[in-house]
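S.K.: Let the sequences and hints guide you as you build the complete structure.
All letters in the sequence shown, in the order written, are residues 1 to 146 by UniProt numbering.
Be aware that a few hints might be false.
Unchecked claim - Below, a list of computed lysine-lysine pairs in the DSSO-like style, where the Cα atoms sit at most 30 Å apart:
no.: 1; residue 1: K85; residue 2: K14
no.: 2; residue 1: K14; residue 2: K141
no.: 3; residue 1: K36; residue 2: K9
no.: 4; residue 1: K9; residue 2: K141
no.: 5; residue 1: K14; residue 2: K36
no.: 6; residue 1: K85; residue 2: K34
no.: 7; residue 1: K141; residue 2: K103
no.: 8; residue 1: K109; residue 2: K9
no.: 9; residue 1: K85; residue 2: K36
no.: 10; residue 1: K14; residue 2: K31
Please keep in mind that the hints were generated in silico from the structure rather than gathered at the bench. Predicted, not measured: the structure shown is a model, and the values here were computed from it.
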Amino acid sequence: TAFSSNPDKTEELKAMGADHVVNSRDTEAVKAQKGKFDLLLSTVNVTLNWRAFISTLAPNGSLHFLGLTLEPVPVSVGSLIDGAKSVTGSPTGSPAALRQLLKFAARKKIAPQIELFPMSQLNEAIERLHSGQARYRIVLKADFAE
1 TAFSSNPDKT EELKAMGADH VVNSRDTEAV KAQKGKFDLL LSTVNVTLNW
51 RAFISTLAPN GSLHFLGLTL EPVPVSVGSL IDGAKSVTGS PTGSPAALRQ
101 LLKFAARKKI APQIELFPMS QLNEAIERLH SGQARYRIVL KADFAE
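M.R.: Here's what the structure looks like:
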C-alpha cells in the first residue's frame, strides 16, 4: 500500500508495485486502514495527521521515519501502549550500508523516479515543485556556459 497526497499518482504507484493507494491527506481514508500494517516507512517532510497513521499499525507495528519532518510529530503515548506500537527513525546509513543498498538497487534494476530540468529552467522546476506536480524528485543539470 502506498500513501500519496496526489491522487494523480495512483496509476504510477500501482505500476511501481503498490496494490492499493490511499490519499494521505484524507484522514478518513487513512483511518479506514486501521490495524492493517506491521510497518509504515515515512519519507515525507510534511505535516500529516500522524495519529491517524499510528492507528493504521497492527499490534507490535512501527512507524519508521527515514528523514526529518518539518514539525514535531505529536504522539499519544496511549496509542503506542495500546498494541505495543512504536515510532522510530534512522539516518540514511553508513557508507558501507549505502554501498550495499546501491549494489542491491543495481542488481534489481531499481532507479529513482526523477524529472530532469536544465539549470536554465530553474524557475519552471521550482514552480512545478510548489504546485505539487513534480513526479517524485526534481534534478537540476548544469547547462550554463563556462
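S.K.: Hint by hint, note whether the structure agrees.
M.R.: Consistency of the hints with the structure:
1. Only pairs whose Cα atoms come within 30 Å are accepted, and K85 paired with K14 is accepted, the gap being roughly 28 Å.
2. For the given pair, K14 sits about 29 Å from K141 by alpha-carbon distance, which is consistent with the 30 Å threshold.
3. Restraint check for K36 and K9: the C-alpha separation of about 22 Å stays at or below 30 Å, so the hint holds.
4. Using a Cα cut-off of 30 Å, the hinted pair K9 and K141 holds, with the two alpha carbons roughly 25 Å apart.
5. The straight-line distance between the Cα atoms of K14 and K36 is roughly 19 Å, inside the 30 Å bound, and the hint therefore holds.
6. In summary, the hint linking K85 to K34 is supported, as the alpha carbons are separated by about 13 Å, within the 30 Å threshold.
7. Only pairs whose Cα atoms come within 30 Å are accepted, and K141 paired with K103 is accepted, the gap being roughly 24 Å.
8. Restraint check for K109 and K9: satisfied, since their Cα atoms lie roughly 21 Å apart, inside the 30 Å limit.
9. Of the supplied pair hints, the one linking K85 and K36 holds, its CA atoms being roughly 13 Å apart against a limit of 30 Å.
10. This hinted pair checks out: K14 and K31 have alpha carbons roughly 21 Å apart, not beyond 30 Å.
Checked against the numbered hints given earlier, the structure satisfies every one of them.
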